[in-house]
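For chain L, the structure is supplied; the task is to place chain U on it using the hints.
The chain contents come next:
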Amino acid sequence: DQQVKQNSPSLSVQEGRISILNCDYTNSMFDYFLWYKKYPAEGPTFLISISSIKDKNEDGRFTVFLNKSAKHLSLHIVPSQPGDSAVYFCATRHNTDKLIFGTGTRLQVFP
Amino acid sequence: KAGVTQTPRYLIKTRGQQVTLSCSPISGHRSVSWYQQTPGQGLQFLFEYFSETQRNKGNFPGRFSGRQFSNSRSEMNVSTLELGDSALYLCASSETSGSIDEQFFGPGTRLTVL
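Protein chains in written order, with this note's numbering: chain L, 1 to 111; chain U, 1 to 114.
This is chain L alone, in the form it adopts within the complex (with noise of 0.2 Å):
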């Protein structure tokens, strides 16, 4: 089972405007979130994280929001570049626990 889900496989934004990448997961005891992206070819790169005793972590254009009551977990890219075209991970852990990662979000940012 899927303790960690990106539902949407893949997201088509225009350059300069938001992209919103989504995550949900299931057990409430996660108390670390990130976010990871990968180009082809390339192993993923680390990119944002959040702490579950935050809610907004903020780093340039990338801001990662979590909502603990609802267990969800997105990441905002404001504004998009046709560079951030990419796949993004979401990925989890509790405590010093392996990671836990989503299927993953294909962006595609168009001019």
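By construction, these hints were calculated from the structure, which means they are not laboratory data.
There's no promise every hint is true.
[Stated by the list, open to error] In silico contact screen, one side only, chain U against chain L (beta carbon under 8 Å); selected entries:
no., residue
1, Val4
2, Gln103
3, Gly108
Just so it is clear, CB atoms sit at the ideal spot from N, CA and C, and this is done for glycine as well.
Coordinates of chain U only, in the frame set by chain L:
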């Protein structure tokens, strides 16, 4: 600093064979984790090694095994290959065990089982 390297990058095997994949972590990193990426399943954790000891293990059958050497290089082995083992195998290294957001991934080994 050189990044995480994985060899080989591509591999084609037939059912029933075994395969060994190699991962060299970033210099100074002592933790190596392995993941399997398949379409529709995302990245699934296989195991983590730290200082030559397996620290954590995912829900994979015993056909999947690994080890880590004293220089922190790691290998994973899959025996009696099945078609469903076709996937991208990624390794990631970090300085210590549990340093999740400082985990750096290699480019992966694409395994195709025919």
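Tested hints:
1. Val4: It holds, given that the least Cβ distance between Val4/U and chain L is near 7 Å, below 8 Å.
2. Gln103: 7 Å, holds
3. Gly108: The hint holds - Gly108/U has a Cβ within 8 Å of chain L, the shortest such distance being about 6 Å.
In summary, the structure agrees with every hint in the numbered list given earlier.
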